[in-house]
Amino acid sequence: MSAVTPLEHARAGLDSCVHCGFCLQACPTYLALEDENDSPRGRLVLMRAVLDGRVAIDDADVATHLSRCLGCRGCESACPSGVPYGHLLEAAREQLAAVRPLPLVARVILWVFARKPVLRVALWFGRMARDTGIAAELARLPGALGFPFAMLASTAREPARPWTPRAAPTRATVATLDGCVMEGLFTDVNRATERVLAENGYALCAAPGQQCCGALHVHAGDAASARTLARANIAAFEASGAEFVASNSAGCGAMMKEYGQLLADEPQWRDRARAFSAKVRDASELLAAAGPRAGATVPRRITYDAPCHLEHAQKAGGPALQVLAAIPGLEHTVLDDRDQCCGSAGIFNLIEPNVSELVLSAKMRCIAATQAPMVATGNPGCLMQIGAGLVRDGRGAVARHPIELLDESYARQER
Amino acid sequence: MTLAASLRAIVGDTHVLERAAELLVYESDGLPGYHRTPSLAVFPANADEALAVVRTLASAGVPYVPRGAGTGLSGGALADGAVLLGLHRLKKIIAIDPERRVARVEPGVVNVSLTKAATKFGLHYAPDPSSQTACTLGGNLAENAGGPHCLKYGVTLNHVVAAKVALPDGTVVELNADDSGYDLLGAFVGSEGCFGTALELTVKLTPNPERVVTLLADFTSIDDAAQTVSAIIAAGILPAALEMMDRATVGAVEASIYAAGYPTDAAAVLLVEVDGAAAGLDEDVQGVDRICRAHGARDVRIATEPAARAKLWQGRKKAFGAMGRLAPHLVVQDAVVPRTKLPSLLAQISAIGAANGVQVCNVFHAGDGNLHPNIPYNANDRDEADRVHHAMVAIMQACIDAGGTITGEHGVGLDKLRYMDALFTADTLDGMCRLRDVFDPDRRANPGKVVPIRYCRERRPNTQMAEGGRRMADATGGQL
Chain A
1 MSAVTPLEHA
11 RAGLDSCVHC
21 GFCLQACPTY
31 LALEDENDSP
41 RGRLVLMRAV
51 LDGRVAIDDA
61 DVATHLSRCL
71 GCRGCESACP
81 SGVPYGHLLE
91 AAREQLAAVR
101 PLPLVARVIL
111 WVFARKPVLR
121 VALWFGRMAR
131 DTGIAAELAR
141 LPGALGFPFA
151 MLASTAREPA
161 RPWTPRAAPT
171 RATVATLDGC
181 VMEGLFTDVN
191 RATERVLAEN
201 GYALCAAPGQ
211 QCCGALHVHA
221 GDAASARTLA
231 RANIAAFEAS
241 GAEFVASNSA
251 GCGAMMKEYG
261 QLLADEPQWR
271 DRARAFSAKV
281 RDASELLAAA
291 GPRAGATVPR
301 RITYDAPCHL
311 EHAQKAGGPA
321 LQVLAAIPGL
331 EHTVLDDRDQ
341 CCGSAGIFNL
351 IEPNVSELVL
361 SAKMRCIAAT
371 QAPMVATGNP
381 GCLMQIGAGL
391 VRDGRGAVAR
401 HPIELLDESY
411 ARQER
Chain B
1 MTLAASLRAI
11 VGDTHVLERA
21 AELLVYESDG
31 LPGYHRTPSL
41 AVFPANADEA
51 LAVVRTLASA
61 GVPYVPRGAG
71 TGLSGGALAD
81 GAVLLGLHRL
91 KKIIAIDPER
101 RVARVEPGVV
111 NVSLTKAATK
121 FGLHYAPDPS
131 SQTACTLGGN
141 LAENAGGPHC
151 LKYGVTLNHV
161 VAAKVALPDG
171 TVVELNADDS
181 GYDLLGAFVG
191 SEGCFGTALE
201 LTVKLTPNPE
211 RVVTLLADFT
221 SIDDAAQTVS
231 AIIAAGILPA
241 ALEMMDRATV
251 GAVEASIYAA
261 GYPTDAAAVL
271 LVEVDGAAAG
281 LDEDVQGVDR
291 ICRAHGARDV
301 RIATEPAARA
311 KLWQGRKKAF
321 GAMGRLAPHL
331 VVQDAVVPRT
341 KLPSLLAQIS
351 AIGAANGVQV
361 CNVFHAGDGN
371 LHPNIPYNAN
381 DRDEADRVHH
391 AMVAIMQACI
401 DAGGTITGEH
411 GVGLDKLRYM
421 DALFTADTLD
431 GMCRLRDVFD
441 PDRRANPGKV
451 VPIRYCRERR
461 PNTQMAEGGR
471 RMADATGGQL
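Residue numbers (my numbering), protein chains in the order written: chain A, 1 to 415; chain B, 1 to 480.
The set of hints was computed from the structure by calculation and includes no laboratory data.
A few of these clues could be false.
Said to hold, decoys possible - Subject to a maximum C-alpha distance of 20 angstroms in a straight line, what follows is the list of computed DMTMM-like cross-link-like pairs (lysine to aspartate or glutamate):
| no. | chain 1 | residue 1 | chain 2 | residue 2 |
| --- | --- | --- | --- | --- |
| 1 | B | Lys92 | A | Asp336 |
| 2 | B | Lys204 | B | Asp275 |
| 3 | A | Lys315 | B | Glu254 |
| 4 | B | Lys120 | A | Asp337 |
| 5 | B | Lys92 | A | Asp337 |
| 6 | B | Lys116 | A | Asp337 |
| 7 | B | Lys116 | A | Asp336 |
| 8 | B | Lys116 | A | Asp339 |
| 9 | B | Lys120 | A | Asp336 |
| 10 | B | Lys311 | A | Asp339 |
| 11 | B | Lys92 | A | Glu34 |
What the hints assert, rightly or not - Label pairs and their calculated CB-CB ranges:
| no. | chain 1 | residue 1 | chain 2 | residue 2 | range |
| --- | --- | --- | --- | --- | --- |
| 12 | B | Asn380 | A | Ala156 | 55 to 65 angstroms |
| 13 | A | Arg11 | B | Asp430 | 45 to 55 angstroms |
| 14 | A | Ala3 | B | Asp430 | 51 to 61 angstroms |
| 15 | B | Gly287 | A | Ala325 | 36 to 46 angstroms |
Claimed, not checked - Heads up, incomplete: computed chain A residues facing chain B, CB under 8 angstroms, no partners named:
| no. | residue |
| --- | --- |
| 16 | Gln25 |
| 17 | Glu36 |
| 18 | Ala49 |
Where a beta carbon is used, it is the ideal one built from N, C-alpha and C, also for glycine.
Between the sequences and the hints, there should be enough to build the whole structure, so can you do that?
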């Protein structure tokens, strides 16, 4: 490693901020906490002050406000100057993590996610708690105590109706990222994703040896673990021979699209990482490129919440809406502020539960106003965060992945 | 009890900031060339808390600076050792009365939020500063903010009906446009936080026009574009907005996420909007199109669909922010000249830029002669910073010589103090001070702004104030 700190490395990005403040209203934590230190502009000022030696990176206030950022990158979608906020935040957190250990909860979670066998066991316990109804019971515990159980309970599903894709594989070859939480708690959504991709002409290939994408690690400042995971994934997907790498998790997709930057300083990996990132697509992008083919009518009223890592990080918000629009019979009420974060932000809701709850309550008010019994959103974190909010508000509404709706549409045609 | 403790008792622990790191972001507004450190920052949640804060500051005799969203471009919301009074938490739209077409709002309501809330009644709030997605109505009131559509619809002053104001001594007064006698509301609008703090505003809402058409004309010469501006007005057409952007500005916008499809090889583009009743609007559209082409426009694009029009406007409104990609620092300027002098002024600005070796980016409200020459530069390069400073002073002098003035909508604040005596006599400036004394005899509200302190006769200011004022005067007497 050179002596250059991660923030110094990213200085040019910091310089492009002109302090115009257009990011303020795009920032969920600024709107909830009403202090500019909890806004993108404020955090950039803090980062610059660290760079200029005016404050130390481990100053208690600096650490607090950097930690309270959701990393939703909604500010990037508002910034005329193109400040690469997400990367600056990661750099600042990497610098912070070097001098100030992460909270214990975060360290445990990151440790588990970097070790697949351990993660499998943890998720097995999660499924047990969910399927026995224990999670639903414990979800009634007050405040932050019951919230994780509400998240778990919200992942329960009726089994999907069985159907078999019949389309000929006329399109590209695709390997899907299983994802940690997706495969562990949303197993049916993963199978549905494979079915609908096949039904739209994609040929699926297996990619054994794939790992966690590393997003949780890099967001928390543990770039080293993220790089290890990235190298394993690049090797695994290269070996699959697939033309595209698809993810139904917006956060994982965003991370993999940024492997090129993550490994930019590693000469032996740089080009491979860039080539890999160029192949990554959100599943909705592949489906929208293929139409997608219309199925049977799905008579449901829904609203849609855009995952931040699809809308702001991948800047690919359109295809998911195209997928929903292609499903006959769906009645879609537009959600106010649908491009604002729900407060999930990876493991943010577990390590900053109070801020997360404030952000979620703003989202829940908008959802309630639509009166829709179903919220569609394409990311496991958002599904569980909004899902938990819905479990707890007791109106009986549920959160579902857009792909589940497309799958239902094809399944209904089968009968 | 310390001042901070008294304020915490009013607004709660988390809404008073005292520690150095947390005050850093409040050192600047939208013009980060200036940094001033407040002694502490306090953020009341509602009008009652805000009034209690003002009264506490009054009894302590402490100077304070009101701040909205900190998007101002004249350093007006900077507090040099004073208390920073943030009003951004007062963000409630109290009531919209579609019959009377007025809204009652708290001062921290973001400009565009009011228009968003009024849409369902077919109404909007007309003054639309380019920062409208971030700036607050209270800040707009303090600066008498303008915006592209003020050409036809008027500035903030023309849209404020009443204000409930906390004077610096803690007295509450209601200023109403309908009051007989002197127009005190008129005096208050644009007083840059020096006359007190609005706790509540009543503003006019404007019916959405039946039809709107936006035209984009591109020119291979800046002079042709500037001549066109006067020709359109001279032809008797009053566009809703008439904006100009030069090549450097267009380049910055087109490189951003707000790329609007402006031609990057044009020397200048004009963005012209006409609106009103559907009947007869086509005549105006054809008139503008004809005049543009007659003055050398290479192409005129006409947008009628809301999405296409919004895209054209987004590019214009985010242009200032987009300049961040050109250099690490940016000077934003604001001056007004008689519209007919635009062609010669733009030529002078270009010559001044060339003589000082700096790049001037022009993006402005051409229809009302309100220039915004902006210069991207690197402040760490001492020589370049000096050249930028010289260029700006020369540009402002050229505007004054042309019969113009030193601010159209950004306010004087801190940044333009140095030009005040080029424009006004000592007697006039003293008159301004005396008007201020009516509202704030102790000169505790936003001290050291608008009128250079040396022009104000001493009138028993308390010690703390005199010190603050001197410090401010020293700090602003020098360079950028």
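The hints, checked one at a time:
1. B/Lys92 x A/Asp336: 18 angstroms, holds
2. B/Lys204 x B/Asp275: Within the cut-off at roughly 19 angstroms; holds.
3. A/Lys315 x B/Glu254: 17 angstroms, holds
4. B/Lys120 x A/Asp337: Distance ~17 angstroms between B/Lys120 and A/Asp337 Cα, so the pair holds.
5. B/Lys92 x A/Asp337: 17 angstroms, holds
6. B/Lys116 x A/Asp337: Satisfied, since the Cα-Cα distance of roughly 12 angstroms is no more than 20 angstroms.
7. B/Lys116 x A/Asp336: Holds. B/Lys116 to A/Asp336 sits at ~11 angstroms (cutoff 20 angstroms).
8. B/Lys116 x A/Asp339: 16 angstroms, holds
9. B/Lys120 x A/Asp336: 14 angstroms, holds
10. B/Lys311 x A/Asp339: 18 angstroms, holds
11. B/Lys92 x A/Glu34: 14 angstroms, holds
12. B/Asn380 x A/Ala156: 55 to 65 angstroms: 58 angstroms, holds
13. A/Arg11 x B/Asp430: 45 to 55 angstroms: Hint holds: Cβ distance 47 angstroms, inside 45 to 55 angstroms.
14. A/Ala3 x B/Asp430: 51 to 61 angstroms: At roughly 58 angstroms between Cβ atoms, B/Asp430 and A/Ala3 fall inside 51 to 61 angstroms, so the hint holds.
15. B/Gly287 x A/Ala325: 36 to 46 angstroms: Since the Cβ atoms of B/Gly287 and A/Ala325 sit about 41 angstroms apart, the hinted range of 36 to 46 angstroms holds.
16. Gln25: 6 angstroms, holds
17. Glu36: 5 angstroms, holds
18. Ala49: 5 angstroms, holds
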